[in-house]
Amino acid sequence: MVFPQIYSRLKKNNLGIRGFLISILVWVSVIAAWGSLHFIKQQIVGYTQNQLQAINNMVLSTLDKQSEGMFDVIGVSMRDVENARLLSAVMDKRASKADRFALRERLSQSFFSLGFRDIFVLGTDGRILLGMQQKYTGKTVSAGVLPFVQKALKGEHIISHPFLRQGRIRMWVLEPFKDLNGAVKGLVCLEFSVGDHFGAVTKRAQYGSSVEVYLTDEQGRLLTSSRFDNQLVKIGLLQKGQSSVLNLQARDPGRNLLQAEDGQALSGRKDWPLTYAVAHALPSRDAMIHQNMQGYRDYRGVVVYGFWQWDALHHLAVISEIDEQEALASYFHLRNLLVGLLLLLLITGWVLGNIYRHRRMQIESESEQLRNMLMESTVEAICGVDSNSVCTFINVAGMQMLGYESSDELVGHKLHNIVHHSYADGTPYPEEDCLIFQCIRNKTGVHCKDEVFWCKDGSSFPVEYRAQPVFNEQGTVIGGVVTFLDISKMKQAEEDNLRLEKQIQHTQRLESMGVLAGGIAHDFNNILAVILGNASLARMQLSEGPHVVEAKLDSIEESCDRASILCRQMLAYSGKGKFVVKAVNLSLMVEEITHLLEVSLDKSVVVKYQLQEDIMLVEADEAQIQQVLMNLVTNANDAIGGKSGVISVSTGLMYAEADYLLDCYGKNLIPGRYVWVEVSDTGCGMDKKTIEKMFDPFFTTKFTGRGLGMSAVLGIVHSHNGALKVYSELGRGTTFKLLLPTMNVDAEMADDASLSVDDWQGSGCVLVVDDEDTVRETARSLLEAMGFETIAASDGLLALEIYRKQHDSIVAVLMDLTMPHMGGEECFREMRRINPDVRVVLTSGYNEQDAIQHFVGKHLAGFVQKPATLEKLKAALREALAREEGSHA
Amino acid sequence: MRKAIFIACCLVSVVFASQVSEAQSIRVVGSTTVKVFVDLAAKQYDVVNSGVQVFVRGGGSGAAIPALQAGQADIGMLSRQPTAEEIAIMKKMDVQYLRVAMDAVVIAVSGVIYNAGIHALAHDKLVDIWGGKLRNWQALGGPDRPILVVSRENGSGTKNTFMKWLNAEQSERPFLLVMPSNLYTCNLLSASDQAIAYLPFGAVNEHMHAIALLINSKAIAPNEESIRSGGYPMRRFLYVAFNRDAPKYVHDFVQYLTSKQALPILRKAGYLPIK
Chain H
1 MVFPQIYSRL KKNNLGIRGF LISILVWVSV IAAWGSLHFI KQQIVGYTQN
51 QLQAINNMVL STLDKQSEGM FDVIGVSMRD VENARLLSAV MDKRASKADR
101 FALRERLSQS FFSLGFRDIF VLGTDGRILL GMQQKYTGKT VSAGVLPFVQ
151 KALKGEHIIS HPFLRQGRIR MWVLEPFKDL NGAVKGLVCL EFSVGDHFGA
201 VTKRAQYGSS VEVYLTDEQG RLLTSSRFDN QLVKIGLLQK GQSSVLNLQA
251 RDPGRNLLQA EDGQALSGRK DWPLTYAVAH ALPSRDAMIH QNMQGYRDYR
301 GVVVYGFWQW DALHHLAVIS EIDEQEALAS YFHLRNLLVG LLLLLLITGW
351 VLGNIYRHRR MQIESESEQL RNMLMESTVE AICGVDSNSV CTFINVAGMQ
401 MLGYESSDEL VGHKLHNIVH HSYADGTPYP EEDCLIFQCI RNKTGVHCKD
451 EVFWCKDGSS FPVEYRAQPV FNEQGTVIGG VVTFLDISKM KQAEEDNLRL
501 EKQIQHTQRL ESMGVLAGGI AHDFNNILAV ILGNASLARM QLSEGPHVVE
551 AKLDSIEESC DRASILCRQM LAYSGKGKFV VKAVNLSLMV EEITHLLEVS
601 LDKSVVVKYQ LQEDIMLVEA DEAQIQQVLM NLVTNANDAI GGKSGVISVS
651 TGLMYAEADY LLDCYGKNLI PGRYVWVEVS DTGCGMDKKT IEKMFDPFFT
701 TKFTGRGLGM SAVLGIVHSH NGALKVYSEL GRGTTFKLLL PTMNVDAEMA
751 DDASLSVDDW QGSGCVLVVD DEDTVRETAR SLLEAMGFET IAASDGLLAL
801 EIYRKQHDSI VAVLMDLTMP HMGGEECFRE MRRINPDVRV VLTSGYNEQD
851 AIQHFVGKHL AGFVQKPATL EKLKAALREA LAREEGSHA
Chain L
1001 MRKAIFIACC LVSVVFASQV SEAQSIRVVG STTVKVFVDL AAKQYDVVNS
1051 GVQVFVRGGG SGAAIPALQA GQADIGMLSR QPTAEEIAIM KKMDVQYLRV
1101 AMDAVVIAVS GVIYNAGIHA LAHDKLVDIW GGKLRNWQAL GGPDRPILVV
1151 SRENGSGTKN TFMKWLNAEQ SERPFLLVMP SNLYTCNLLS ASDQAIAYLP
1201 FGAVNEHMHA IALLINSKAI APNEESIRSG GYPMRRFLYV AFNRDAPKYV
1251 HDFVQYLTSK QALPILRKAG YLPIK
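The listed protein sequences correspond, in order, to chains H and L.
Numbered by the numbering used here, the letters in the first sequence go through residues 1 to 889 in order.
Numbered by the numbering used here, the letters in the second sequence go through residues 1001 to 1275 in order.
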């Protein structure tokens, strides 16, 4: 329940999911640290308790052992016959002076050598019978030891508590001396200092800086000196030089006296309660509590942990204590270390975070600067709109184009309403129709070149713009970026270019007309000469008979026919400059103008024709294509330059790949089938520089040329969506190849009404194998018109490879018989190995009998004699496929 | 980040380094006379050099070299010149010994006897007392009381020095009380009203009544001047012996014993500096 609250608060403070996770992490580590510390503390306290208990037990048993040792020593001494005799004599008060000295001497040797400090022999009345000094004889013992004397006289050996004798704190071990009947005759008492017995033992148990073991009597008076005598003197609980033994009662002052500064600290000292340890150690207590590990105050008021036991033998409490501060020192140490590390971690994290943020901001500002710089430096106008088409930014170029001085005039306003509100003709442009609006709505980029933007001053300019939607992280459109360019100059230039091109074409046509006119005039002159000559001859030979004249008239008629053909050709050529597109068979067209071509050539030049029959149609303006051919042939003639040479004119069909079209002249060329006309000469060729400039208007290498021919050619090629490929080698000749896209076959077929009757449609993929491009492409286009898909292969090897990979999808193979690398026969054999049921329709220029004699009994699917017409092909394939299906059925 | 890790590592290593320390202990065995001084010095040394613990045991000068030899001690204490035999052993073991203090053996009597007027005794009287010929203080002008003669065990450097000076036979127990340490001798002297004993000069205080020696009818009291000058006869030196190969902290402690810092402790023990 807490986390969502924290999260919402963090979110409010803009910290988000990362801040939330970090705070969770911090909390988890704090809780884990606290838990571990708590566990460690428990462990340490447990360990301390064990230590104190062990010490206490050790002290207790050592005290017992030591006391037992003392009793033993006295016992042994008293069992000595001489000692017993002398003691008996002393106690019976019948000892001589010598006896007394002897006893003193013997006891001294026995006990002083063990560290005892005085020796007394007491009578049953408690008075001293013998001491180390004569003056003691007959004296009573100190009050402090009297209770122990009385106890010992009852027959049990005992160790007294410390008591004061002659200004010194002493202890006695009292051993009763009994007669043969077991009656106590007196006591042998040995004196020792507290430090020799209790003190020595408890002192040995001290360790660390505060662990002490001390003994107290029932009143809580210390029976061993405190470890902290110096501190006690300092705080006033003891006087200087005074021992804590007997002088200090273990009472709880209720506060730490070591830290108390006021003089009232010790007031009411008599009323202080006994410390927790002493109070609970006394045998009078019912409930036996032996320890306190929660902490209580000792006689200094310092909080300690303690363990205690009551020693019945010595009638005292044995208390072991350790200052809480020391017991938990390692815990505090660890805790501080952990807290320190945690802090260090936090601080380091904070510092690194700041460094990271600072660095990121720096990078962001740098990139923003760069972005701004880029945006402001570009010539293109860039502006941003939000999802409501409200302008969010615009660069300087944009403002300049639109004629605004400040971006504030645009930013925050609907872009459409300001710059895009009307069409060029002034009719309103609804925003719903606006492409920019649609770009945002449809999440697609738009490109437009035929609209206008309106300036601040109310004028408009033609614009080319692109709008691209902008998405956020979730993929939602948050706006768009519009880039636009003023294309009024470009449009103007285009119009100028168009006009210039037209002029050039016109001028060029006139120029070529001039050349042509010369040739024609010469030809015409020849014809006229023939007519005139024959007419004159006919006149002269009129008298010789009609059959003679008839021959002359035939010649005149023939010449007139020639002249009329020439006229027709010229008319076609002149064409009135009108662009009349129709389906054209290029081979036929070339044939038609061969004569026209030849008349304008030098006589030393031989023209060779290699024209493909049954070529596909192209959509073209015949007159313009004729002009192109005329120009190319005329140029070829000029290139040969009066020497003998050959001009080859050929046509064909090919499939042009994109790669092939790359080094062709032309606009927006699309890969596909093209019909080509190639004009190649054996002339002087062109150098690189000439090739580069040959299409420039008014560039010419001829003395009389105007430099317009090739510009016109290129213009015509462009207008037909055609391509022009040039290959020239200096000194060897030049080849121009004009490619024109083929007409749609359907359209072609529509012309042929007879074919449309049969509407059989094929399907599937046919592999067309032929080494001749034109034949192959023609076949392909025919097949595609029938509804097949086609794959082409230029020889048997390639066909085999394709068939191996794709034989599952190929329904039939149309294959030429004779091909390089691998002929049709071998290829057929190999295909049958892959698929015995392969349907192969053979095509060949040979007649059927000759061609298929090697295929008898080999399941040839069909044969088509070249040249294959649509009809023949359709029939062959239809039959082939039907037969196979039938045979399968 | 690397810096932060480095700081954290330093912090941790400092914290843990402070907790780890190797306990070094020095065992000192021998003369109880020297022990009085070494005990006090050890206590002080403990305060100055925490981490080094000094354990001091008695046993008499005679126990010093055997304890060193047996490897039961790092330092031996002698309150007399080492014997030829001991020197031979020390040479063999590469043990070095050096003087740490000057002392003298003095004769002390119980307070009652002293107060009765026994302030000085001649050499022959002392020979008689320890020889068992003189057995009552009356014969020396004191009260009518048997003399309780206290001696030390064999091996005691104090006894060795005293007997050398006395140059006479001493009688045996029970006539003679034999105490295992000077402290017990003192206890007996102060508890009794009829005892006489020999003690180190250092053990003498207001409760121990040292008497002068009558030499050529001249009473020579034991004091710093007379001892240092040699006028008082039973002058001796206190020695410590230690192996030259001993660890550095042993050498350091020995050096401390002979250092200026230890002088007040030496004085407190009642002994005299060598110089």
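FYI, nobody ran anything at the bench for these hints, they're computed from the structure.
Check each hint, because a few of them may be wrong.
Stated by the list, open to error - Label pairs and their calculated CB-CB ranges:
| no. | chain 1 | residue 1 | chain 2 | residue 2 | range |
| --- | --- | --- | --- | --- | --- |
| 1 | L | 1048 | H | 218 | 52 to 62 Å |
| 2 | L | 1053 | H | 341 | 47 to 57 Å |
| 3 | L | 1072 | H | 114 | 50 to 60 Å |
| 4 | H | 347 | L | 1070 | 34 to 44 Å |
| 5 | L | 1072 | H | 76 | 48 to 58 Å |
| 6 | H | 89 | L | 1053 | 28 to 38 Å |
| 7 | H | 261 | L | 1070 | 14 to 24 Å |
| 8 | L | 1072 | H | 57 | 52 to 62 Å |
| 9 | L | 1139 | H | 138 | 21 to 31 Å |
To be verified - Derived SDA-like pairs (lysine to any residue); straight-line CA-CA distance at most 20 Å:
| no. | chain 1 | residue 1 | chain 2 | residue 2 |
| --- | --- | --- | --- | --- |
| 10 | H | 203 | H | 169 |
| 11 | L | 1043 | H | 205 |
| 12 | L | 1043 | H | 580 |
| 13 | L | 1043 | L | 1176 |
| 14 | H | 582 | H | 598 |
| 15 | H | 203 | L | 1040 |
| 16 | L | 1043 | H | 185 |
| 17 | H | 97 | L | 1176 |
| 18 | H | 97 | L | 1163 |
| 19 | H | 502 | H | 580 |
| 20 | H | 203 | L | 1055 |
| 21 | L | 1043 | H | 542 |
| 22 | H | 97 | L | 1139 |
| 23 | L | 1043 | H | 227 |
| 24 | H | 151 | H | 99 |
| 25 | H | 97 | H | 73 |
Unchecked claim - Which stretches of chain L does chain H cover? Using the computed rule of at least three CB atoms under 8 Å from a CB of chain H, they are:
| no. | segment |
| --- | --- |
| 26 | 1034 to 1041 |
| 27 | 1191 to 1205 |
Note that CB positions come from ideal geometry on N, CA and C, so glycine has one too.
Structure-based check of all given hints:
| no. | hint | result |
| --- | --- | --- |
| 1 | L:1048 with H:218: 52 to 62 Å | violated (42 Å) |
| 2 | L:1053 with H:341: 47 to 57 Å | violated (34 Å) |
| 3 | L:1072 with H:114: 50 to 60 Å | violated (23 Å) |
| 4 | H:347 with L:1070: 34 to 44 Å | violated (59 Å) |
| 5 | L:1072 with H:76: 48 to 58 Å | violated (29 Å) |
| 6 | H:89 with L:1053: 28 to 38 Å | violated (51 Å) |
| 7 | H:261 with L:1070: 14 to 24 Å | violated (56 Å) |
| 8 | L:1072 with H:57: 52 to 62 Å | violated (29 Å) |
| 9 | L:1139 with H:138: 21 to 31 Å | holds (28 Å) |
| 10 | H:203 with H:169 | holds (17 Å) |
| 11 | L:1043 with H:205 | holds (17 Å) |
| 12 | L:1043 with H:580 | violated (129 Å) |
| 13 | L:1043 with L:1176 | violated (35 Å) |
| 14 | H:582 with H:598 | violated (25 Å) |
| 15 | H:203 with L:1040 | holds (17 Å) |
| 16 | L:1043 with H:185 | violated (46 Å) |
| 17 | H:97 with L:1176 | holds (18 Å) |
| 18 | H:97 with L:1163 | violated (31 Å) |
| 19 | H:502 with H:580 | holds (15 Å) |
| 20 | H:203 with L:1055 | holds (15 Å) |
| 21 | L:1043 with H:542 | violated (173 Å) |
| 22 | H:97 with L:1139 | holds (17 Å) |
| 23 | L:1043 with H:227 | holds (15 Å) |
| 24 | H:151 with H:99 | violated (28 Å) |
| 25 | H:97 with H:73 | violated (26 Å) |
| 26 | 1034 to 1041 | violated (count 0) |
| 27 | 1191 to 1205 | holds (count 3) |
In terms of the numbered hints stated before, the structure departs from hints 1, 2, 3, 4, 5, 6, 7, 8, 12, 13, 14, 16, 18, 21, 24, 25 and 26, listed from lowest to highest.
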